[in-house]
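When you get a sec, could you build the whole thing from the sequences and use the hints?
For the protein sequence lines, the chains are A and B, in the order given. For the first sequence, our numbering assigns the number 1 to the initial residue and increments by one for each residue that follows. For the second sequence, our numbering assigns the number 1 to the initial residue and increments by one for each residue that follows.
To be clear, the hints were calculated from the coordinates, so they are not data collected in a lab. Glycine included, C-beta positions come from ideal geometry on N, C-alpha and C. One or more hints might be untrue.
Example chain B residues on the side facing chain A (calculated, C-beta under 10 Å, incomplete) [stated by the list, open to error]:
id, residue
1, 15
2, 26
3, 50
4, 177
What follows is each chain in one-letter form.
Protein chains: 2
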Amino acid sequence: MTDSARPTACVLIIGNEILTGRTQDVNLAFLATRLTEIGVRLAEARVIADDEDVIVATLNQCRAAHTYVFTTGGIGPTHDDITAASVAKAFGVALEQHAEARRRLAELCERNGVELNAARLRMANVPAGGRLIDNPVSAAPGFQIENVFVFAGIPSIMQAMFEGCKGRLVGGPPVLSRTVVGYMPEGTVAAPLSTLQDQYPDVEIGSYPFYRAGRFGTSLVLRGADAERLSAATAQLAALVTDLGGAPEIDPD
Amino acid sequence: MTDSARPTACVLIIGNEILTGRTQDVNLAFLATRLTEIGVRLAEARVIADDEDVIVATLNQCRAAHTYVFTTGGIGPTHDDITAASVAKAFGVALEQHAEARRRLAELCERNGVELNAARLRMANVPAGGRLIDNPVSAAPGFQIENVFVFAGIPSIMQAMFEGCKGRLVGGPPVLSRTVVGYMPEGTVAAPLSTLQDQYPDVEIGSYPFYRAGRFGTSLVLRGADAERLSAATAQLAALVTDLGGAPEIDPD
Chain A
1 MTDSARPTAC VLIIGNEILT GRTQDVNLAF LATRLTEIGV RLAEARVIAD
51 DEDVIVATLN QCRAAHTYVF TTGGIGPTHD DITAASVAKA FGVALEQHAE
101 ARRRLAELCE RNGVELNAAR LRMANVPAGG RLIDNPVSAA PGFQIENVFV
151 FAGIPSIMQA MFEGCKGRLV GGPPVLSRTV VGYMPEGTVA APLSTLQDQY
201 PDVEIGSYPF YRAGRFGTSL VLRGADAERL SAATAQLAAL VTDLGGAPEI
251 DPD
Chain B
1 MTDSARPTAC VLIIGNEILT GRTQDVNLAF LATRLTEIGV RLAEARVIAD
51 DEDVIVATLN QCRAAHTYVF TTGGIGPTHD DITAASVAKA FGVALEQHAE
101 ARRRLAELCE RNGVELNAAR LRMANVPAGG RLIDNPVSAA PGFQIENVFV
151 FAGIPSIMQA MFEGCKGRLV GGPPVLSRTV VGYMPEGTVA APLSTLQDQY
201 PDVEIGSYPF YRAGRFGTSL VLRGADAERL SAATAQLAAL VTDLGGAPEI
251 DPD
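In structure tokens, the structure reads:
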């Protein structure tokens, strides 16, 4: 499978708190790692505000462009949690109380000794046709509608939701990767690296400079689906770094 | 100034390493915080691949939609650093060697005892009409063309570039914020919070639940440009949290 034939995904991070800098997002890195592992190519991510028009327009654009869309944030009980209503509007369907979601919330409220009030009941609202995504942490479920998966924003809950529904995703063959760390500046290895990349169009080679413990170096990351081609490119790259005096270290990821 | 009249910004994070989960982005949170402080509203952020067609299309869409666009990543010396060429293509101008950028690179190479080879010279290429952005960390400059600011991806360099060119940005009045932390679950405060939000349409109120040291709580963040209105809303909210037994703590941010 070529990279362009691989299923693609878009992550939509919904939340003013990310756009004001109040909160450091960590959900994207988690989803990026897990999707890559199952052979889904994360093609883009967007961070957008808690604004219905923006959510509707962005979601409709992204769900048409990608195999899967994953949203995080905005499914709690307060006035600023508008993701479920916005998703319903994007799909042109009603937002309805989901009986099983209500049952789970009622059970949790009883266990915690709090009232299942109107605000908490908002968390049982799901666009018509939506399928629940379990929340083993705090009961209030996420949901899937067509190719769109709606997750909570709190990282522990989002991660549990992803793990619980990843069986619904169809990935491609896993992308394999190797990292060659060379202790030489990026500008020294750039020219032969470019030649190597031209020899291996099916292996994506990325170059990431670093400075640590008083030494300049470059992490060279090779990615591809064919193990033999990847090994061949890695061996050539290691030899090249050795020639440049870079004392390569090779890490299989 | 109303929030919708405020200058807006978009951050474009360019880099496959973010989309595979190899690297946790921290540039967005930095830019979000600093832009908010100077009264520029960060309206959206996008993470895109090192792909010329994608960069050109996304940049042209975002630079038309926002007052400012800030890009991070892809301006190093290797074959996968294609941001400068892509920006030139988006603007329909030539990518040219910039004499002052070349001078700075030559000086750095001489100091470090490395060759100013063809790969390193790529870092002197700037779209025609571009204005340099200083890089006090490793010399290779960023650049500004019209409303687009092109930064490095390495956080320490990106931050120095932003600080060095922020005098070119025109912001609105600063957005002020207060946080009321209440030790009660989000679902308990949701209804009166919604009523308060309706009373203060000019103050944006966000609700962020947490669980720490064995206690459930909710951080309620109020944001607005009018100090008196913000103080009044904060006082009402604190009284409301007290009534609910939430023992509020108030933090000016």
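Indices of hints not satisfied (ascending): As far as the earlier hints go, not one is violated by this structure.
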